[in-house]
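**Q** So the sequence lines, in the order shown, correspond to chains A and B.
Here the numbering used here is used: position 200 in the first sequence is 186, and no number is missing along the way.
In the numbering used here, each residue's number is its place in the second sequence (first place is 1) plus 86.
No wet-lab data here; the hints were simulated from the structure.
Each residue gets a CB set at the ideal place from its N, CA and C atoms; glycine is no exception.
If a hint is listed, it holds; no wrong ones were tucked in.
Partial pick of chain B residues on the chain A-facing surface, computed with a CB cut under 8 Å:
| # | residue |
| --- | --- |
| 1 | Ile172 |
| 2 | Asp295 |
| 3 | Arg323 |
With a straight-line Cα cutoff of 35 Å, these simulated DSBU-like cross-link-like pairs (lysine-lysine) come out:
| # | chain 1 | residue 1 | chain 2 | residue 2 |
| --- | --- | --- | --- | --- |
| 4 | B | Lys183 | A | Lys255 |
| 5 | A | Lys316 | B | Lys347 |
| 6 | A | Lys273 | B | Lys183 |
| 7 | A | Lys255 | B | Lys176 |
| 8 | B | Lys188 | A | Lys255 |
| 9 | A | Lys67 | B | Lys183 |
| 10 | B | Lys168 | A | Lys255 |
| 11 | B | Lys387 | B | Lys92 |
| 12 | B | Lys381 | B | Lys302 |
| 13 | B | Lys315 | B | Lys94 |
| 14 | A | Lys273 | B | Lys168 |
| 15 | A | Lys191 | A | Lys67 |
| 16 | A | Lys67 | A | Lys239 |
| 17 | A | Lys226 | A | Lys202 |
| 18 | A | Lys67 | B | Lys176 |
| 19 | B | Lys347 | A | Lys273 |
| 20 | B | Lys118 | A | Lys273 |
| 21 | A | Lys67 | A | Lys226 |
| 22 | B | Lys92 | B | Lys315 |
| 23 | B | Lys183 | B | Lys347 |
| 24 | A | Lys255 | A | Lys191 |
| 25 | A | Lys273 | B | Lys188 |
| 26 | B | Lys347 | B | Lys188 |
| 27 | A | Lys273 | B | Lys156 |
| 28 | B | Lys387 | B | Lys94 |
| 29 | B | Lys176 | A | Lys273 |
| 30 | B | Lys156 | B | Lys183 |
| 31 | A | Lys239 | A | Lys316 |
| 32 | B | Lys168 | A | Lys316 |
| 33 | B | Lys176 | B | Lys118 |
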Amino acid sequence: MKSHRFVLFSILAIFLVSALIDLPPIPVKFHWGKINIDKRIGGYRLDFELFGKRIQNNLELRRGLDLQGGVHVVLNADMEKIPAGDRSTALESARRVIERRVNFYGVSEANIQTSRAGNDYRLIVELPGVTDVSQALSVIGQTAQLDFRELSISANEATSAAFRADDFSITGLTGADLTRAYASFDQSNGAPEVSLEFSPEGGRKFEEITKRNVGKPLAIFLDNVVLSSPRVDEPISGGKAVIRGQFTLDEVKALSIQLNAGALPVPVKVLEQRSIGATLGQSSVDKSIFAGAIGLFLVAVFMAFYYGRLGLLADVALLIYGLITLALYKLFGVVLTLPGVAGFILSMGMAVDANILIFERLREEIRLGRPLLAAIEMSFQRAWDSIRDANACTLIICFILFNPLNWSFLNSSGMVRGFALTLAVGVVISLFTGIVVSRNLIRLFYKGK
Amino acid sequence: MFDFIKFKYLFFFISLAYLIPGMIALGMWGLKPAIDFTGGAVLEVVFTGGKEKAGFAGGSSELKAFLFAKDIPVESVQSSGKNQYILRTKPMDDSRKNEITKIMSDQYGPITELRFETLGPTLGQETLVRAALAVVLGLLLIFIYIAYQFHDYVFGAAAIIATVHDGLVVLGSLSLLGHFFNVEVDVLFVTALLTTLSFSVHDTVVVYDRIRESVKHFPQASLETLVNKASNETLVRSLNNSLTVVFMLTALFLLGGPTIKWFSLTLLIGTITGTYSSVCTAAPLLVVWRDFIRKQLWKKKSGS
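Let the hints inform the model, and build the full structure from the sequences given.
**A** Written out as structure tokens, the structure reads:
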């Protein structure tokens, strides 16, 4: 019995914590005789240190472009060096690169469009709920064009120890020959560095270049700035290299993300940046929420009507489902768009599924003449198989759509990923509330009967 | 007990009667892509007369309502500064744009056009292809999972067929809706389709699970009897579960406003076909498939 009580307390704790997180700021004013209360409750923030790491979360529900607006950036692509026929393809691939970068940095539900006005090729990037405009710009705008350069012959004669950038000439080995870049540490002194792996073609080029430059420096340029110019001690085959420099770990990570995300095929310039308003008015949001409330009410009434007291308990579990889900959205900064809201409401309609399965099972067990308590335990056990298999299938779809391993042949669109994530979160929480929560509530209320 | 297997060919006929027109519509008219897929135009204007003078207090939503009333279907209106708005529309040429700015300035006073550009799609071809590929891969994994869990590849295959059936029903419906009611397919539709697929598999597995359980209890019974038994036993659960979802969606469809109206309808169609197909497609298909295999084996035996 003790473990039951522990589970009940945990459920109560989860319920309370979620409710606290969900609470919007409400001013409380209260006068009664001598008692005067004028306070603000709800709208809490997290701000504490854990293991020396500062954790901050203002627990705001992040709303998407349609509900809240965001940052609007217009980029102009410089097509001077691109042949006229290839320009729209170049623009489209620039769009994809930027989309990937934005997704890498965890901004979901971004809106990225190509745009043309006469001979101007532009990209419109809209990021919902982003407050740090300059950071957003640095993610989007950096061209991150990496290439390797060797000392040109004229400079070779200069004996100066310090070389200038234009002492180097282009070798033809660029970021395009990269297959992968990742953060690693220098074996000798533990300093952060970026490891590079080249494509077979790139590896061959690299070997050739190192062969003819033994004893000379080979410079690594990022956006025409020297990152580092290590001396080539011997020809390097096998297609692997490292970039060393005075980097912090964060810089190394940022650099490898940029290299992975690929270089922009065209240089872009920020044309303008500003905040924009929501596309949807408050009225359409209110309407959807009203409709959702009506629908939820119907579900709750249906459950209570059809399953009696058990149905009411399922409704309580459903309420807890809603609170936990909302709390998780706030904690992880899931960006909610109007369809996201609709999806959330829909998931509440589907979350009672586990309960329905169990209750139908319960009716059968009772029909077979089992005593109520035994029948309840039995029905939870029996229903588990089908609940497990059915939800496993949904999670498989979520996994593939979310593409957590970043397989390049699978989807990387923020929108589809957002959908997969919210669906998976919904499934897991509904399993928790539909099984653990309702089972314990039933045990609590049916004890001794 | 209702005899589902007896009516299996009727069920297959109903499916085909719905699927075939849908597929023909899809072939003939395709889907009506929304601005998300086609791209369009963006027009940014500033009302130099000032909002107070111009006389709309409701901001972007009022401007949108006004344009709709004038038969200009703008996709969205966003405020982008003081008295400044971004309008997104279907592709349009200069003369149409001048028309629109004139209509607006007639109502709200002088307007300066800040920019007018052609927009590319938000959801590119590549994203769609990759999402489709992900779905195919997902179905393949589900096939393996079900075949493994139920120790029979026929279960996996029938479940996938039922799921594809539901996907096609939704696609066909949208094509018909697009042709007759001008319903456009947008990003939301992709979401709705994915939800339908996962709902469908979910529902089918519940029925299958019941069959698996009955096999344990009645190893001697024929597959027909077991499938029938399972379909009947899970029927109330299936109906109740879809009812709760149908309640939600009907409320969203009727009251949710124009933005999510068609999204809700698509999901509604998906939910209904998903429930239908698990009992009336996936389960009878098991029996038909098994019979077919048995006959093939028998033919081989008698032939040799």
